[in-house]
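Build the full structure now, drawing on both the sequences and the hints.
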Amino acid sequence: MKKSYYVAILIAVIVMVMPPVQGFAGNKVLPIGTKDIQEMIASQDCPLFLVATAAWCGPCREELPVLNKLFHKYKDRGLKLVAVSMDIDLAPMQRLVDKLELIFPVYWAGEKMYGDFMLFGVPTILVVRDGKIQERIIGSRDETFLERKITSLMTEACAP
Amino acid sequence: MMWSVRRWIQTAAVLISNAYLMFPFTRTIYQGKLKAVCTPGLNCYSCPAATGACPLGSLQNFYATLRPGLETGRLHLGLYVVGFLGIIGSLVGRMPCAWVCPFGLLQELINKIPSRKYEIPRFLIYGKYVFLVLFVVILPAVVVDDFGYGVTWFCKYVCPAGTLEAGIPMLIIQPPLRELIGILFYNKVAILLVLFILMVFVKRPFCRVVCPLGAIYSLFNRASAFRMVHHPDKCVRCKQCYHDCPMGVRFYEGANQVDCIRCLKCYRESCKYGAISYEIVGIPAQPKAPEKRLLDMPLK
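Protein chains in written order, with our numbering: chain A, 264 to 423; chain B, -13 to 286.
Each statement offered as a hint is correct.
Partner residues are not named here, just some residues of chain A that face chain B (Cβ under 8 Å, in silico):
hint: 1; residue: A318
hint: 2; residue: W319
hint: 3; residue: G321
hint: 4; residue: F383
Just so you know, these hints were derived from the structure itself, not from any lab.
Using N, Cα and C, we set each Cβ at its ideal position, and we do this for glycine too.
Right, dumping it as structure tokens:
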């Protein structure tokens, strides 16, 4: 009895002195409807990269840090990048956003994205220009490919 | 004839589990509510026409996402899939392999190509349990990335049904995917081609040696509600059941062996002596009357 009392005290002390988990609390994944996404697309005058992604998808987890790096590099030159999670709920993508410290906006629309945007897999980058989806980049791509694609579409007029 | 009835049911099962015939127009896979339901046979979730989910893929997916799932409060643990397989297994054992599995039907049809047929070494039938334990359970659950996610090892590195039903058709209907073809795809195509060749010469090689789904169902064979019965007193060990069996089972060595898929061919066609029958929850089916043995016939 006495032994278990000391063990309990020891555990309590360890828990109390444990450093709090350093979460990245700057970017909250917000729910969004597919109609709102369609409106977002229609209202774009400048190029937008809309990334359909999911936390469970391995290639997505490889591509998101690359996109984050490119967003860091080109956001001041007018790069617009938005990710939409197709996970079953919001929590898995929030966990990924925190761990990867993603700084671009991330939404959650769920599996409805598949049907409403005629997607059949993730990751798929929908390249939006003049308010329309002009291109679909299916599958995970390397940094060189993505940077070339981004720089080829960025225009002076869209820089802030 | 029972044989043709089974063939009809197999064909119907292929069509029902792949009934989304709009895919050439939508150029995407079916994502409706039915996809939440598992099919009893091996039918890839990512087949453009698939209406249901493959239980094996679902199971691997649960193990591969176990850690992030627990971390984000999703305590599903794949019990629906385990329960689904458990119910089917406890009712009929490995019967879905014979009656509703599309990949089983394919192997039987290819084996009809006239050629010399070969038997596999018997120890290989335990290979499917290695694939089940390693590729479906342990590797997806244990080998994880920095975020705690594993990989669906069997689907990704082995499953020939996935290559045939999803990998190749998706490349046809979605040409941009061809840019992503790599060593992994060639590996899987090679596995499929080797199996195609084997199917000509060996009866159901994939089901007997590799299939983890068959391995799960096989565990129920001895205890399921539907069971085969062997009557040793009537058996003359003519081995006709073995020659006719699509799985190469030696029924005369015992009923309800792990590879018995309850196709009933031995019962309906092979055994002339009434040595094979079946029972449902212990209630014996009407036994087939034995035909007279040649030796018993009166000499004229």
